[in-house]
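There are 2 protein chains.
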Amino acid sequence: MRTSLHQYLIDNREKNLEELLSWLKIPSISTLSEHRKDVKNAAEWAEKKLQEIGFPEVELIEGEGHPLVYAQWLTDNNQPTLLFYGHYDVQPADPLNEWHTPPFQPYIDKDNIYARGATDDKGQVMIVLAALEAWVKSEGKLPVNVKVLLEGEEEAGGASVEAFVREYGDRLTADAALICDTHMNSVDQPSLIIGLRGILYTEIIVKGAKRDLHSGSYGGVAPNPIHALCLLLSRLKGENGRIDIPGIYVSSVPVSDEEKDFWHRDAEALEKRLLKEMGVEQLVGEKHVSVHGRLGIRPTLEVHGIRGGFIGEGAKTVIPAEALAKVSLRLPAGSRPTEVFKQLEHAVQQKMPKGYTVVVRNLHSGDGVAVSPENRYINAAAEAIAEIYGVRPVFMREGGSIPITALFDSILHIPVVLMGFGLSDDGAHGPNEKFSLNQFYKGMDTVADFLGRLRN
Amino acid sequence: MRTSLHQYLIDNREKNLEELLSWLKIPSISTLSEHRKDVKNAAEWAEKKLQEIGFPEVELIEGEGHPLVYAQWLTDNNQPTLLFYGHYDVQPADPLNEWHTPPFQPYIDKDNIYARGATDDKGQVMIVLAALEAWVKSEGKLPVNVKVLLEGEEEAGGASVEAFVREYGDRLTADAALICDTHMNSVDQPSLIIGLRGILYTEIIVKGAKRDLHSGSYGGVAPNPIHALCLLLSRLKGENGRIDIPGIYVSSVPVSDEEKDFWHRDAEALEKRLLKEMGVEQLVGEKHVSVHGRLGIRPTLEVHGIRGGFIGEGAKTVIPAEALAKVSLRLPAGSRPTEVFKQLEHAVQQKMPKGYTVVVRNLHSGDGVAVSPENRYINAAAEAIAEIYGVRPVFMREGGSIPITALFDSILHIPVVLMGFGLSDDGAHGPNEKFSLNQFYKGMDTVADFLGRLRN
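Note that the protein sequences, when read in sequence, are chains U and Y.
Under the numbering used here, the letters of the first sequence match residues 36 to 491, in that order.
Under the numbering used here, the letters of the second sequence match residues 36 to 491, in that order.
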């Protein structure tokens with residue numbers, strides 16, 4: 036990397052950190068309607084920041100959902116165009132009582148920033164914004180043409196950005212896309228992501244009697260929707276981790292020998308790391324599948340929340356009329372969530388105990404994606420990482436889902452570079468989410484270097 | 036019944052109703068600590084009422100829990116002594132949004148009073164207080180010696196009253212006890228209760244990882260305590276209603292031929308009524324056991340509440356660190372809850388999926404009871420009911436639990452008359468709890484008549 040760029044980023048570390056903190060203070064929780072104004076404030080923050088960097092065209096696009104922030108700076112017809120995507124919305128912060136410091140009052144210790152959104156995704160978006168600014172301020176201009184698309188609904192289904200990509204795909208014309216919303220294997224072994232699972236997120240609602248009942252008067256003959264929901268969920272997935280939904284294992288993704296080799300080499304270390312991060316003594320799930328496979332390419336079924344009856348202090352002998360669970364499936368690339376939703380609905384109807392009604396609602400879904408590791412943009416990313424980290428990255432899968440990746444792939448037909456700087460213990464979506472300061476600064480260097488390598 | 040008594044009760048219907056309404060307005064929810072003051076207010080209400088009736092000795096007994104209200108009026112050494120027990124605390128009112136009118140603003144339509152506590156138990160205690168007052172005001176004195184013991188923790192385990200009965204049993208010396216906290220078969224077929232199930236109320240807490248996890252990063256290998264809890268609960272009781280806890284079916288209670296005959300005659304009507312009250316098309320549970328048996332003497336296992344993970348609006352892809360269920364067992368007389376707790380704990384440890392820790396907490400318990408239908412006090416109750424309702428009552432079991440009954444039986448060694456005036460659709464413990472005005476007034480007549488029949 037050019038010395039001037041590098042020096043600029045070193046000189047401005049404190050400024051960039053301060054700016055990130057001011058963004059993290061805005062509780063832009065997209066799924067909670069009471070935070071609507073905060074989400075907009077976070078969008079306006081990004082709009083202002085892009086203007087400050089010098090983007091000549093910056094737009095806040097408002098529709099039915101949360102706004103999109105779009106910016107472009109087309110500097111040279113002879114250079115390629117990079118589309119950068121990120122999101123400024125965050126997950127809800129509950130359970131609040133498990134945070135050691137308030138989620139929207141960022142706390143910094145010597146190694147990390149603790150705040151909701153620190154790694155997912157404001158911290159990683161800030162890396163790119165800082166790298167863009169460094170080019171402008173130290174070199175006078177961006178090395179390639181850049182389009183920026185930031186959304187505020189990534190954690191809430193992403194309807195607005197999907198509609199925008201489908202309708203205004205031509206505005207987004209680019210040669211490649213960059214997304215920084217994933218994590219690396221480790222600081223010592225950086226990685227690039229070439230596969231993401233898709234997701235189907237549903238609510239299952241079970242109803243029994245028309246009203247809550249007293250267990251003393253009705254226990255023994257009354258439908259109990261909580262118990263029925265437990266029976267259902269235990270039938271959809273067993274203790275062995277196998278999902279019992281016909282059709283669910285039909286799709287699979289090809290894995291290269293190189294990748295399998297890495298899985299094999301890394302298996303013991305990964306298991307050790309996972310056990311430590313989770314604080315448990317054994318992994319659960321499908322014993323016959325490798326740990327990398329279970330995390331990266333196998334379908335999963337997880338219950339994210341369950342609710343029913345009396346959950347306050349003490350005792351109440353009620354048999355509730357209704358119970359609800361939030362259940363998602365992570366799906367390999369090639370598996371279509373809309374198809375899987377039908378398979379799930381059918382399996383639920385089949386497996387539901389008698390005497391209840393059940394409804395399955397599709398809250399949101401996104402296709403999985405597998406990107407080719409063979410193109411100049413991914414090569415540039417790999418070289419930038421090797422330059423800054425001193426180690427060539429391995430190609431990996433990530434179990435999480437970034438639905439926009441599949442859209443870019445299918446609508447814009449451009450290669451997507453998934454270069455993330457999170458670490459596996461960042462705790463995205465959980466309490467005490469953090470982002471490593473070291474990764475924050477190394478990420479800026481890497482992205483700045485990457486941008487330079489894209490020039491013809 | 037004496038005309039003067041009857042007339043007094045007719046003349047004072049409005050006054051008695053007004054008094055009940057003022058008591059129902061006090062949200063004396065014993066399980067919620069923020070209602071501690073309200074519970075005390077409800078106790079003071081009862082204290083004042085007993086003084087107004089003319090009881091010469093009235094005492095508010097305060098200890099660690101909610102207060103007891105104790106009163107006695109010993110009028111004649113040659114007459115028997117009746118101990119009346121009731122409770123002034125109520126169940127929590129949630130789910131609040133299912134109430135058609137606010138739970139603590141009593142609402143009266145032409146047939147019913149709607150309020151939390153209307154039938155369980157303030158309305159039924161008021162019946163007895165009104166009958167006692169009628170005797171004093173129209174006849175100049177009570178027909179027999181009366182002791183009154185009201186507690187404020189019936190819905191919360193009843194620790195204070197249990198300690199009091201165990202320690203001061205001699206103050207409670209009596210010839211029989213009266214409890215009005217049950218319901219009748221129907222207005223056309225009144226009933227007296229000769230058996231109550233015991234109860235064991237527990238919390239089961241399952242823990243997985245040390246913190247909440249993101250399903251994208253850990254799904255497939257991470258312990259999911261919600262799913263494990265579902266597996267556990269589905270293993271403790273199957274869809275067929277059978278409880279899989281070794282030892283649980285060892286105790287059983289003898290049922291007389293007369294009772295079995297009634298079960299047989301009443302089976303179809305009961306099933307029809309239950310289906311209508313619950314608004315369902317089929318009963319669940321043990322198909323090979325009669326409906327009366329399932330409701331009255333078989334053990335039950337019910338999940339009253341379940342909580343885990345994200346249950347807010349929208350989607351959050353979290354795998355929570357912990358999940359919790361509130362689970363009770365109703366137990367036949369003869370089955371000891373403390374024994375059953377050990378059996379449950381053992382079964383939970385056996386059935387728990389691997390990779391989790393689980394804790395079972397005993398929140399409260401009470402023995403079941405079977406009372407003999409052959410004594411002059413129950414006979415007097417049966418005659419009073421026959422007099423007022425024009426039909427002789429049948430003897431029945433109630434599935435609910437009134438732990439004090441077992442204490443009176445085992446510590447005081449006195450027969451317990453369980454004469455309740457609730458109806459099966461009153462919805463005790465649920466939203467829109469109600470009490471029939473007709474039963475409220477008929478109940479006063481019946482108790483007043485009953486008191487007269489107790490004299491030597």
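Read the hints as simulated data drawn from the structure, not as lab findings.
One thing to keep in mind: the hints can contain errors.
Remember, identical chains collapse to one label, so a pair may be satisfied in a single copy or spanning two.
Straight-line alpha carbon distances no greater than 30 Å define the calculated BS3-like cross-link-like pairs of lysine-lysine that follow [unchecked claim]:
1) K172 to K75
2) K322 to K386
3) K386 to K176
4) K311 to K389
5) K477 to K50
6) K295 to K60
7) K172 to K50
8) K477 to K386
9) K145 to K322
Computed from a predicted model, the values in this text were never measured in an experiment.
Hints versus structure:
no.	hint	verdict
1	K172 to K75	within (28 Å within a copy, 71 Å between copies)
2	K322 to K386	both (24 Å within a copy, 19 Å between copies)
3	K386 to K176	neither (61 Å within a copy, 65 Å between copies)
4	K311 to K389	between (42 Å within a copy, 18 Å between copies)
5	K477 to K50	within (15 Å within a copy, 80 Å between copies)
6	K295 to K60	neither (42 Å within a copy, 69 Å between copies)
7	K172 to K50	within (14 Å within a copy, 85 Å between copies)
8	K477 to K386	neither (50 Å within a copy, 48 Å between copies)
9	K145 to K322	neither (39 Å within a copy, 64 Å between copies)
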